[in-house]
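Trainee: The lines below spell out each chain.
Protein chains: 4
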Amino acid sequence: MEMKDVLEMGQRLRNWGRWGPEDQLGTLNFITPEKVVQACRLVKKGKAFALAIPFDSRGPQTGFGGRINPLHVMLASGADAAAGAQDLIPGGFRYADDLVIMPLQCATQWDSLAHVSYDGQMYNGYDARLVTGYGAGRNSIDKMKDRIVSRGVLLDVPRYKGLDWLEPGYPITPEDLDGAAGRQGAAVEAGDIVLVRTGHMALCRSRGSWEGYAGGDSPGLALSTAPWLHEKQIAGVATDTWGVEVRPNEPPKSFQPLHMVLIRDMGLLLGEILYLDELAEDCAADGAYEFLLVAQPIPFTGAVGSPVNPMAIK
Amino acid sequence: MEMKDVLEMGQRLRNWGRWGPEDQLGTLNFITPEKVVQACRLVKKGKAFALAIPFDSRGPQTGFGGRINPLHVMLASGADAAAGAQDLIPGGFRYADDLVIMPLQCATQWDSLAHVSYDGQMYNGYDARLVTGYGAGRNSIDKMKDRIVSRGVLLDVPRYKGLDWLEPGYPITPEDLDGAAGRQGAAVEAGDIVLVRTGHMALCRSRGSWEGYAGGDSPGLALSTAPWLHEKQIAGVATDTWGVEVRPNEPPKSFQPLHMVLIRDMGLLLGEILYLDELAEDCAADGAYEFLLVAQPIPFTGAVGSPVNPMAIK
Amino acid sequence: MEMKDVLEMGQRLRNWGRWGPEDQLGTLNFITPEKVVQACRLVKKGKAFALAIPFDSRGPQTGFGGRINPLHVMLASGADAAAGAQDLIPGGFRYADDLVIMPLQCATQWDSLAHVSYDGQMYNGYDARLVTGYGAGRNSIDKMKDRIVSRGVLLDVPRYKGLDWLEPGYPITPEDLDGAAGRQGAAVEAGDIVLVRTGHMALCRSRGSWEGYAGGDSPGLALSTAPWLHEKQIAGVATDTWGVEVRPNEPPKSFQPLHMVLIRDMGLLLGEILYLDELAEDCAADGAYEFLLVAQPIPFTGAVGSPVNPMAIK
Amino acid sequence: MEMKDVLEMGQRLRNWGRWGPEDQLGTLNFITPEKVVQACRLVKKGKAFALAIPFDSRGPQTGFGGRINPLHVMLASGADAAAGAQDLIPGGFRYADDLVIMPLQCATQWDSLAHVSYDGQMYNGYDARLVTGYGAGRNSIDKMKDRIVSRGVLLDVPRYKGLDWLEPGYPITPEDLDGAAGRQGAAVEAGDIVLVRTGHMALCRSRGSWEGYAGGDSPGLALSTAPWLHEKQIAGVATDTWGVEVRPNEPPKSFQPLHMVLIRDMGLLLGEILYLDELAEDCAADGAYEFLLVAQPIPFTGAVGSPVNPMAIK
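Residue numbers (the working numbering), protein chains in the order written: chain A, 1 to 314; chain B, 1 to 314; chain C, 1 to 314; chain D, 1 to 314.
Rather than coming from a laboratory, the hints here were simulated on the basis of the structure. On a predicted model such as this, the values are computed, not experimentally measured, just so you know. Among the hints, erroneous ones may be present.
A pair holds if it fits inside one copy or across any two, identical chains being indistinguishable in the list.
[What the hints assert, rightly or not] Simulated crosslink set (DSSO-like; lysine-lysine; CA at most 30 Å straight-line):
1) Lys161 / Lys47
2) Lys35 / Lys47
3) Lys253 / Lys4
4) Lys161 / Lys45
5) Lys44 / Lys161
Take these sequences, add in the hints, and give me the full structure.
Mentor: Here you go:
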């Protein structure tokens with residue numbers, strides 16, 4: 001597949017106008033009220049899984065492109081109180097406050113539909129120049145603030161293949177996705193948010209280092225999954241990798257071409273850097289690969305992404 | 001009531017050791033798996049309400065104590081792409097990235113149990129000096145990353161009283177809470193997260209200004225609600241105000257004394273600056289004041305609070 | 001004067017190409033090695049004046065346009081050390097570290113020649129689109145890192161006029177500048193950096209508030225000073241106001257039109273928010289209005305401005 | 001030498017009370033007005049050297065202890081203007097603004113006298129607990145805002161020894177300092193600010209990487225230089241290394257012990273990460289190793305350090 005084929009595929013799978021000329025939600029429109037009700041009915045055990053990695057300075061970022069790890073600093077602390085610095089507060093009240101500096105793409109995150117563009121346009125045909133230093137005039141993440149609640153389905157590809165993890169560079173195909181879903185007994189349906197586990201984070205943990213995780217070689221979705229994702233009418237897809245799609249990218253002279261099709265053409269919600277290993281263990285143990293997923297963003301006005309702590313509730 | 005009475009009440013309502021000497025979750029322990037399952041059963045309409053205010057520079061903060069409003073900046077944008085600054089990226093991929101600088105207490109938030117201390121101790125007897133410039137060694141917000149899922153109940157006090165909002169300085173009593181719950185037909189139960197609407201945010205909106213919201217006079221919970229909150233065995237309480245409790249504070253020479261009892265002694269989760277007006281309208285319309293509440297924090301390691309976009313799902 | 005006259009004046013005073021097609025220093029080229037030597041010879045008393053205001057959260061910024069006051073936070077402190085948080089450091093060493101978040105235009109500052117543009121061009125004809133989210137590709141402040149050393153001359157306009165301060169809205173004319181220079185006995189020469197005192201900061205201090213300082217009405221240079229500044233071949237001009245030029249701006253439907261001419265056309269270094277009152281007292285006392293000025297920027301790569309603590313040494 | 005010897009030396013060289021019980025300037029008191037005048041007289045060529053390294057994300061920091069490299073972001077840009085985002089600004093004015101996030105110890109810097117303490121005390125006997133999350137109550141860098149102007153002397157140790165750079169781990173002795181000064185013909189005098197070149201930055205440049213610079217092995221001042229620095233009555237000392245003193249530190253179980261003596265006991269101003277190579281070339285060429293040094297900090301209120309762009313003017 002060459003870039004012209006990618007662009008042609010983007011043209012073919014394009015959802016622009018499908019939900020009206022003013023739409024800024026894309027495939028989240030596949031989540032209906034009925035879907036939300038059904039998703040809540042999936043909860044049987046009352047157990048929640050937090051799918052965010054720890055937000056701290058030991059995260060996977062290397063500083064490239066300004067993407068540092070979250071920098072958490074204290075504005076006031078118990079140590080300050082003990083040092084007498086809060087003695088003027090009446091009644092004995094003592095407190096701690098803190099602050100964070102973080103790229104919105106630094107750790108577990110949703111990409112907004114304003115995150116990726118090409119040929120001067122973003123999802124639904126909006127001019128990419130509507131995203132400026134003042135924020136995104138269209139397709140910003142805050143538009144999705146109350147919409148990311150649905151049925152979640154975990155597709156644990158390495159487990160299906162009998163592996164601890166997929167090798168970096170392994171392209172996950174539609175056949176892999178169907179195979180995992182079939183083996184797990186959880187069919188992917190319209191409106192679902194699909195969590196694809198590659199095991200790449202487990203590999204990093206086994207090595208004791210994030211080395212190579214951010215932007216390096218990685219297993220991930222092949223370009224050929226785009227029609228599959230389109231046809232299934234899923235609301236979103238998220239992985240335990242830095243960038244959803246396989247790396248090195250296909251075709252060679254490209255950068256994240258699947259993002260171009262999925263975000264800009266299809267309006268598909270993409271999630272990255274999810275911690276799926278504990279959830280995967282539980283799914284393997286009880287055989288239930290479907291759950292309620294509540295993964296709302298923080299509504300940063302005009303933002304092109306958001307940190308998120310997705311809750312999978314079984 | 002004087003400060004000595006507050007401290008005595010704190011002593012009486014103290015939950016230290018109740019869930020073991022190593023506990024860092026406090027009243028979240030009241031949320032059982034069964035409770036989670038039941039809460040999910042409450043969802044009938046498939047409609048979600050985002051209870052966070054917009055996270056942007058037009059928020060309520062005034063800079064006091066370092067609490068600025070979220071500062072959202074772009075690391076890259078569509079305008080940059082149009083200017084040619086991304087021309088080296090192969091394959092036509094163009095992107096936008098962003099970064100936020102924000103106090104964790106700047107907008108809709110959870111206070112962790114490390115947020116408030118007195119007499120050198122925080123919840124469960126931990127030394128307050130475990131909270132330093134390096135973060136909170138105990139009771140940090142990340143401990144709660146997968147625990148804030150439960151039944152939510154809205155107590156709309158002004159609506160119960162036939163008012164648009166409670167006046168600043170109005171102390172909400174246990175009778176008000178019981179009265180609202182009774183009128184609404186939604187009894188407060190163990191493990192619930194109780195959302196108390198005061199209308200203070202509606203007042204600010206009607207004025208078109210946050211003036212006085214952050215730290216100024218405000219309606220809020222009276223000190224006398226502490227035993228009520230304790231007896232009900234609720235998991236958390238949150239309001240549409242800056243600081244949960246009534247201001248000016250009671251007694252006069254004090255600062256947020258109810259925080260001292262609720263957070264430090266009881267280990268109760270407190271939420272602040274929630275946007276409850278739209279949810280309240282819906283509850284008044286359909287008569288259902290109970291719902292699934294999924295309000296997970298972002299797991300900042302060692303943090304004493306977290307921004308949150310609580311989802312009330314009906 | 002209307003905008004078309006401003007633009008015409010800009011055309012007339014334009015220094016583009018004057019120092020070659022690759023120049024990024026503008027009028028700093030007027031500072032010769034001989035000038036530097038002469039400036040150093042002016043030092044007689046061995047007394048230095050720091051012309052920066054305090055960099056802290058009590059500064060003049062209001063948050064408009066993302067311009068917050070400097071936010072200074074501690075990464076580690078003596079209180080932390082006392083709380084035992086540094087006990088692992090061997091040998092007894094204890095330390096404090098800190099961090100600042102600040103707009104480069106938040107307090108006493110130099111505008112780089114990339115700060116202002118119009119008609120798509122900046123100083124020396126460079127395309128304004130060379131300034132993107134990745135920084136300024138031309139005319140950035142770091143280019144000036146070793147060039148802002150020269151003779152400084154203080155023109156204390158209110159003192160010359162027998163006033164404590166000039167009223168907001170007062171346009172300082174060439175006659176005022178000549179009058180002050182004449183009265184003070186310090187003629188403005190080629191290569192000088194001219195500090196124009198309006199007394200506006202003294203007015204704020206007398207009121208005890210920065211209210212209205214940032215972007216509000218202010219005394220300042222009239223548009224008619226542009227030819228004067230050009231003819232004198234000065235290297236830079238700086239004031240004790242937020243924005244150098246008189247506000248409300250002349251003509252009515254404009255914004256900082258003098259900046260357009262001075263920065264973009266002339267390539268003149270502009271400094272803002274300088275604390276001149278103490279220096280002015282000293283100059284009035286000893287009658288010496290000339291001094292060595294060393295006012296180097298911090299060399300932020302690609303930045304469009306820099307905080308600065310200008311040193312006037314007499 | 002063991003830590004007890006270090007502490008004994010600290011006791012012996014202690015300058016507490018030397019300039020009064022309220023002093024917060026330490027050895028800067030050695031700089032007299034006459035000294036400033038004499039320093040200005042040293043300027044012969046009118047050539048200034050900027051001794052700061054570039055402040056950008058490619059700096060030497062690794063994130064350790066929260067010390068990231070400066071993160072420079074744009075608040076507005078020419079690209080935004082071209083995208084139409086500034087079209088509402090009247091009169092054609094277009095602008096760029098920016099913001100920096102930086103540890104004050106991230107690049108070329110002064111340590112304030114509040115930066116290092118031991119046994120609960122900092123310089124002049126102040127309680128180390130006066131440095132809290134709210135800043136330094138004593139010995140902060142802003143106290144020095146107009147005091148760091150003096151004669152600078154470069155001691156180019158590797159050049160004196162006929163080397164390109166000193167090897168990491170090489171301890172510079174008083175004999176080395178005297179030798180370099182003698183060879184260069186520039187005696188160190190009271191009130192001087194001494195710049196010691198080790199060549200460590202040149203080594204990094206030759207390798208094309210900062211690897212190991214921040215906190216790694218490095219040439220630097222031996223503990224035995226403390227009495228020399230005390231006796232000479234210098235005002236400050238700065239190097240082209242991360243931490244002034246030799247690393248690995250002497251004695252083995254210690255961390256920056258020379259800092260303990262120099263900053264906390266002597267009240268000596270320390271500067272780090274200075275770019276001295278270009279200045280050194282010039283000094284070697286013209287034989288003049290003395291110059292005017294103007295190296296004022298940015299006056300961050302309550303800060304324990306400051307970025308600085310020291311100007312050596314010859």
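Trainee: If a hint holds in the structure, say so; if it doesn't, say that too.
Mentor: Here's how the hints hold up against the structure:
no., hint, verdict
1, Lys161 / Lys47, "within (27 Å within a copy, 38 Å between copies)"
2, Lys35 / Lys47, "both (20 Å within a copy, 10 Å between copies)"
3, Lys253 / Lys4, "within (11 Å within a copy, 49 Å between copies)"
4, Lys161 / Lys45, "within (27 Å within a copy, 39 Å between copies)"
5, Lys44 / Lys161, "within (28 Å within a copy, 39 Å between copies)"
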